[in-house]
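Visitor: Protein chains in written order, with this note's numbering: chain X, 1 to 317; chain F, 1 to 317; chain W, 1 to 307; chain A, 1 to 307.
Calculated from the structure, these hints are not laboratory results. Since no wrong hints were added, every one of them can be taken at face value.
Which bits of chain F does chain W cover? Going by a derived footprint, with three or more residues having C-beta under 8 Å, they are: (1) 48-60; (2) 64-78; (3) 91-98.
In silico negatives: residues of chain F with every beta carbon more than 10 Å from chain A: (4) P6; (5) G135; (6) P171; (7) I182; (8) G191; (9) E208; (10) Q211; (11) G217; (12) P230; (13) T300; (14) R309; (15) K314.
Cross-link-like lysine to aspartate or glutamate pairs, in silico, EDC-like; alpha carbons within 20 Å at most: (16) A/K242 - A/E216; (17) A/K196 - W/E208; (18) F/K181 - F/E19; (19) X/K269 - F/E268; (20) X/K301 - F/E268.
What you are looking at is a predicted structure, and each value in this text was computed from that prediction instead of being measured. By construction, the Cβ of each residue, glycine as well, lies at the ideal position given by its N, Cα and C atoms.
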Amino acid sequence: MIFEKPAPIRDGFGNALLELGEKDPRVVVLTADLSEAIRVHWFAEKFPHRFFQMGIAESDMVGTAAGLAVAGKIPFVTTFAAFATSLANTPVRVSVAYNQANVKIATSHGGVCVGGDGATHQSIEDIALMRVLPGMTIVVPCDANEAYRATLAAAEYEGPLYLRLGRIATPILTKAHTPFKIGKAQVLAQGNDLAIIACGAMVGFALEAAQLLDKKGLRVRVINMHTVKPLDHSAVLKAAQECGALVTMEEHSIIGGLGSAVTELVAEKYPVPVERVGIRDVFGESGEPHEILEKYGLTTKDLVKACKRALKRKEPK
Amino acid sequence: MIFEKPAPIRDGFGNALLELGEKDPRVVVLTADLSEAIRVHWFAEKFPHRFFQMGIAESDMVGTAAGLAVAGKIPFVTTFAAFATSLANTPVRVSVAYNQANVKIATSHGGVCVGGDGATHQSIEDIALMRVLPGMTIVVPCDANEAYRATLAAAEYEGPLYLRLGRIATPILTKAHTPFKIGKAQVLAQGNDLAIIACGAMVGFALEAAQLLDKKGLRVRVINMHTVKPLDHSAVLKAAQECGALVTMEEHSIIGGLGSAVTELVAEKYPVPVERVGIRDVFGESGEPHEILEKYGLTTKDLVKACKRALKRKEPK
Amino acid sequence: MVQTAESVKLDIDHIKEMATQIRRDVIRMIAGVGSGHPGGALGAAEIFALLYGGVLRVDPRKLKDPHRDRFVLSNGHICAAFYSALSLKGFLPREELNTFRRINSRLQGHPARVKLPDLVETSSGPLGQGFSVANGIALALKLDGSRGRVYSLVGDGEIQEGQVWEALMTAAQHRLGNLTLIVSYNGLQIDGEVRKIKNLMPLKAKFESFGWECVETDGHDVVALYQALTEPAGGNPMSTDKPRAILAHTVMGKGVPFMENKAVWHGTCPTPAQAEEALLAIGKAKGFEDYPALSNPDLSTRKGGKR
Amino acid sequence: MVQTAESVKLDIDHIKEMATQIRRDVIRMIAGVGSGHPGGALGAAEIFALLYGGVLRVDPRKLKDPHRDRFVLSNGHICAAFYSALSLKGFLPREELNTFRRINSRLQGHPARVKLPDLVETSSGPLGQGFSVANGIALALKLDGSRGRVYSLVGDGEIQEGQVWEALMTAAQHRLGNLTLIVSYNGLQIDGEVRKIKNLMPLKAKFESFGWECVETDGHDVVALYQALTEPAGGNPMSTDKPRAILAHTVMGKGVPFMENKAVWHGTCPTPAQAEEALLAIGKAKGFEDYPALSNPDLSTRKGGKR
Ligand SMILES: Cc1ncc(C[n+]2csc(CCOP(=O)(O)OP(=O)(O)O)c2C)c(N)n1
Ligand SMILES: Cc1ncc(C[n+]2csc(CCOP(=O)(O)OP(=O)(O)O)c2C)c(N)n1
Ligand SMILES: [Mg+2]
Ligand SMILES: [Mg+2]
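All chains should be built: construct the whole structure from the sequences, respecting the hints.
Guide: Structure (structure tokens):
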């Protein structure tokens with residue numbers, strides 16, 4: 001499956017599930033009355049007896065998935081980010097993470113691009129909620145191709161994994177053959193003046209910002225940090241050492257997510273200035289995705305500004 | 001109410017509630033079948049019709065509290081940290097935080113000093129889970145006296161507030177008249193060689209570590225960061241500037257809590273080396289509190305080691 | 001006893017027309033912005049018309065009256081109907097309906113208390129949350145000796161959430177006789193039929209086994225629904241310590257034939273042509289008027305479809 | 001039909017003695033470490049004796065047999081009885097009971113799957129979690145055509161958790177006829193009587209309205225309990241697509257007169273003197289022996305009391 005035109009990240013997921021369904025009879029899929037929104041309706045149609053409709057009961061769904069995993073299945077539980085990570089937080093913590101159960105939690109509606117549904121449906125906390133759980137792997141693909149490959153990798157990986165899938169159509173940044181390895185970041189643009197570390201739908205903005213800054217003679221490294229946990233320490237520390245300042249960007253609160261992970265690491269290993277671009281600790285609201293991104297400071301322009309702040313703060317070499 | 005001998009932090013809370021019950025008829029208390037463990041049985045006895053036993057249904061309890069707040073009451077909802085912040089995460093997010101409802105969430109069993117009950121009952125994530133919620137204030141008193149004053153302050157403060165109360169008896173470090181202001185850290189020991197920023201039951205260890213290091217001629221500042229959110233930026237930045245390196249300590253995961261908040265801040269304002277002492281991203285286990293603290297690296301000795309690492313990493317002035 | 005307009009002391013026609021206007025508003029709001037949840041909202045038009053047209057003792061000029069009734073919408077996704085009812089009874093300017101689901105609006109896609117503090121008692125959207133809050137309000141009213149009553153609306157799919165069962169137990173245990181829970185019992189949810197997804201039947205038996213007084217009624221028959229909302233079941237005096245549930249049988253998409261009983265219309269926005277057709281089917285409401293169109297119609301860019 | 005030992009094909013005496021030994025173990029484990037939850041564990045002694053003494057088709061040497069039965073303890077706090085039963089049937093060394101709730105032990109204060117992967121199907125402790133996992137296992141067994149059956153135990157207080165009601169609906173909807181849920185129905189929880197805290201009655205009516213087959217039985221009468229666990233209700237063939245609930249009426253603290261029916265013993269550790277008295281009241285178990293005492297008794301430092 002290869003995407004060439006902008007496509008919803010979740011479409012990559014839905015297609016990968018179809019392939020997994022063929023390949024591995026252990027793969028089962030659960031959803032909580034949101035099969036189409038998270039693109040598991042294709043799997044449901046093709047593999048009806050390995051698809052479990054759980055109704056609007058996310059906690060029970062996650063617990064049930066843990067049971068399926070304990071008994072040898074590879075369950076993908078699917079719903080919106082807020083409902084899996086917040087509403088079902090305890091089942092994820094106890095029955096999945098603490099059990100080290102082989103459950104894949106795949107969600108849409110992480111971030112603010114949810115649009116009109118507003119704050120309650122915009123999870124700006126999901127990465128933080130999952131990151132604090134011991135043993136939880138967190139993958140945030142940046143386009144539909146990466147989502148496709150990440151889903152296949154998730155099924156192969158043994159253990160609890162959180163897969164955050166964007167809702168809206170985003171440009172295709174990775175090729176179908178770009179190597180995807182959980183925990184191994186990709187450098188999408190080279191440069192030593194500054195490094196942007198981004199994940200998910202924000203990676204596209206990072207590339208745009210790097211191009212804009214390139215015109216001003218600045219070489220900005222762009223790192224696609226598709227795995228937020230375990231964080232690719234060497235990619236971050238190399239960037240800190242070689243570039244001297246970092247900017248993070250994520251469709252998530254600046255608290256607890258990728259930005260936080262990066263500041264934790266550099267503070268303990270190699271302190272450099274870090275600017276975090278993300279939702280600045282406020283709830284979102286209804287609106288068109290682009291309007292929300294603009295209002296809440298998640299545009300290429302905001303990123304460029306943050307880059308300039310970071311550059312100013314760099315120690316003279 | 002004044003504590004002079006070591007006392008469970010939660011006792012300060014239970015006593016303050018009694019005073020609040022007299023003083024303010026709007027104060028109501030809810031619990032989920034754990035009234036004695038969180039010390040609300042005294043309030044229940046004295047003010048039975050302002051006490052609501054909600055049974056083992058924490059999500060509903062938090063939602064009910066939000067309703068009481070919406071209708072003008074000042075509800076304290078009480079249970080173990082894991083059940084309030086993880087199991088009831090969505091009601092806290094939606095009905096309390098997003099509503100800006102005047103609910104106080106008070107918990108025991110945050111951290112690993114829970115003892116024999118083991119990992120599921122040891123919340124090492126609660127501060128992280130609450131910190132990512134916009135508008136949530138987080139207070140972690142260091143002794144029974146501070147818990148007493150913090151509880152009174154919480155009732156006066158208008159808005160969502162999380163109060164984390166230790167389970168075991170801890171030494172008394174603050175006097176009954178020590179000023180307590182939400183958001184304003186206290187410097188308990190002066191020094192410019194290094195600063196330890198700690199909260200809750202770890203503050204005592206910080207003072208011990210400072211005394212040990214003092215014997216080696218090192219002057220270590222000890223900051224009691226009783227309010228983790230909003231973080232006292234000026235206290236942290238002043239320490240970073242004047243001491244050049246920081247060590248944080250908390251009975252919580254090193255991810256997402258106080259340590260994380262400090263690294264976020266210094267990375268954005270004044271990068272210095274930071275060592276984080278806390279649970280290193282693993283689940284806890286059963287045992288005596290002191291055995292667990294030892295096994296998981298939360299002793300004065302561990303803190304001293306971290307201080308030495310931080311000192312080594314300081315830039316020569 | 002024959003149910004007549006007189007016996008329920010209500011201007012039946014007014015309520016019916018109000019429901020019609022709510023349906024018009026719902027279609028125009030959702031088609032106007034290009035997204036939203038028409039199905040459940042259309043199905044709850046009579047419920048909202050009755051609540052704001054006669055049942056709730058609330059006055060837009062006395063929003064702080066301690067004895068006022070309270071309404072908690074737990075199934076927040078159907079808020080188009082809620083906002084419409086508020087605007088029809090003077091709680092919101094009619095034009096404001098144009099801002100529904102748009103940036104900077106008070107009319108969020110799911111009701112937000114911080115945006116409309118005196119009208120939205122609690123934010124909802126994540127299903128299963130609002131009902132617990134309604135219990136809390138009812139508890140507070142009892143403590144304060146308020147004469148106010150709390151009404152809360154939930155969807156049937158929503159009842160699959162465990163927190164709803166916790167709240168059912170709470171209301172019974174704390175004898176919240178001042179609480180009425182209305183279930184919009186349309187048998188559908190996003191992925192299809194409730195009974196095929198997670199069956200709730202026999203729902204009345206469930207409620208009764210949870211200690212509730214429970215009546216079943218047609219959710220579009222305003223006389224029957226009004227009686228259920230205001231009168232005791234079986235001629236007994238209104239119970240003072242049992243909470244009361246009304247299973248209101250509704251039809252998803254009611255009033256728009258091509259939407260009726262189709263789960264796909266839970267959250268699909270009609271195209272402009274479909275919206276036209278829907279308004280035609282709904283008809284005009286006597287005594288009410290459409291809210292004025294958006295001065296800058298370019299703001300409406302979307303074409304309809306699913307989220 | 002008169003219930004006799006023969007009619008249930010079980011060594012009744014053996015089961016009774018095993019229950020006695022479980023009670024002895026529970027008291028010694030908890031008093032030994034100085035904390036734990038004796039009340040519910042004592043009350044479930046017959047349940048565990050029957051499960052591991054005759055009902056569960058499990059073999060310590062064949063823990064990977066796909067057709068084995070599975071047991072999920074949802075009310076994890078009563079795990080002292082669970083560990084005891086495992087040790088009495090060769091799944092755990094007897095001496096290991098000495099490590100209960102201590103640092104570095106596999107016998108965590110609440111069961112931990114990572115510590116005992118083939119014996120603890122899922123970690124429990126936070127109430128309401130395990131039952132959903134049991135459903136998931138039952139679903140997987142059905143998919144795989146396993147002959148294994150899943151048994152899960154919950155407390156009555158635990159049933160106040162909403163997730164339990166979600167799981168009840170799931171089991172009915174997915175026709176988990178291979179699942180048996182046992183409720184330790186002792187009427188007590190930490191803060192007192194279930195019915196005063198959050199009443200569950202009529203519990204059988206509730207279960208039946210949720211589509212379950214439900215039998216009520218004395219949880220200490222091993223013959224009756226065995227029949228409930230293994231035989232159809234009312235002479236009908238064991239239903240193949242309805243999940244089955246057993247409301248086992250138990251007595252908190254059963255077997256220790258000063259603990260019986262007292263909520264305070266839910267989570268209070270007996271003092272050494274009380275432990276002595278308790279063991280005396282329980283008596284010796286024929287055919288079983290106490291697990292050997294700790295070689296270094298200093299490890300046991302606490303004096304009992306509440307957590
Ligand atoms: C906790 C939670 N899970 C899932 C959703 C997504 N969702 C919104 S409405 C809905 C279906 C609700 O069904 P019902 O209550 O019957 O409402 P109706 O479709 O009849 O309007 C779902 C699953 C949600 N809003 N909250
Ligand atoms: C979610 C959750 N809330 C609260 C607790 C604390 N707790 C442990 S056991 C218990 C009472 C359980 O009552 P019941 O299930 O009847 O067990 P019994 O006391 O009869 O053994 C409570 C409240 C918990 N373990 N999990
Ligand atoms: Mg419905
Ligand atoms: Mg009980």
